[in-house]
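Enquirer: Using the sequences provided together with the hints, build the complete structure.
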Amino acid sequence: ARGKMGTPTYRNLLYNKDFYTASIFKKNLTLMQEVNQKKF
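Take 21 as the starting number for the sequence shown in the working numbering and just add one per residue.
Honestly, the hints are just simulated from the structure, not real lab data. Since we're looking at a predicted model, the values are computed, not measured. Don't take every hint at face value.
As the list claims (entries may be wrong) - Straight line, CA to CA, 27 Å or less: simulated DSS-like cross-link-like pairs of lysine-lysine:
#1 K47 - K37
#2 K46 - K58
#3 K47 - K58
Unchecked claim - If you anchor each label on the Cβ, the simulated ranges turn out as follows:
#4 T29 - K58: 42 to 52 Å
#5 N36 - N56: 26 to 36 Å
#6 V55 - Y35: 24 to 34 Å
#7 L49 - T29: 22 to 32 Å
#8 R31 - L51: 29 to 39 Å
#9 M52 - N32: 24 to 34 Å
Just so you know, even glycine gets a beta-carbon here, dropped at the ideal spot from N, CA and C.
Expert: Okay, structure coming up:
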């Protein structure tokens, strides 16, 4: 029972990590676009 309960938690952790990384990447992407627009 412990193994079954532990697996989803670990998967959720990985999913949250990916989601967090994706949101940071998206933020950096928009920041880069803003900087590029200000240059030209």
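Enquirer: Take the hints in turn and mark each one as holding or not.
Expert: Do the hints match the structure? See the list:
1. K47 - K37: holds, 15 Å
2. K46 - K58: Holds, at about 19 Å.
3. K47 - K58: holds, 17 Å
4. T29 - K58: 42 to 52 Å: holds, 44 Å
5. N36 - N56: 26 to 36 Å: holds, 30 Å
6. V55 - Y35: 24 to 34 Å: holds, 31 Å
7. L49 - T29: 22 to 32 Å: holds, 30 Å
8. R31 - L51: 29 to 39 Å: holds, 30 Å
9. M52 - N32: 24 to 34 Å: holds, 30 Å
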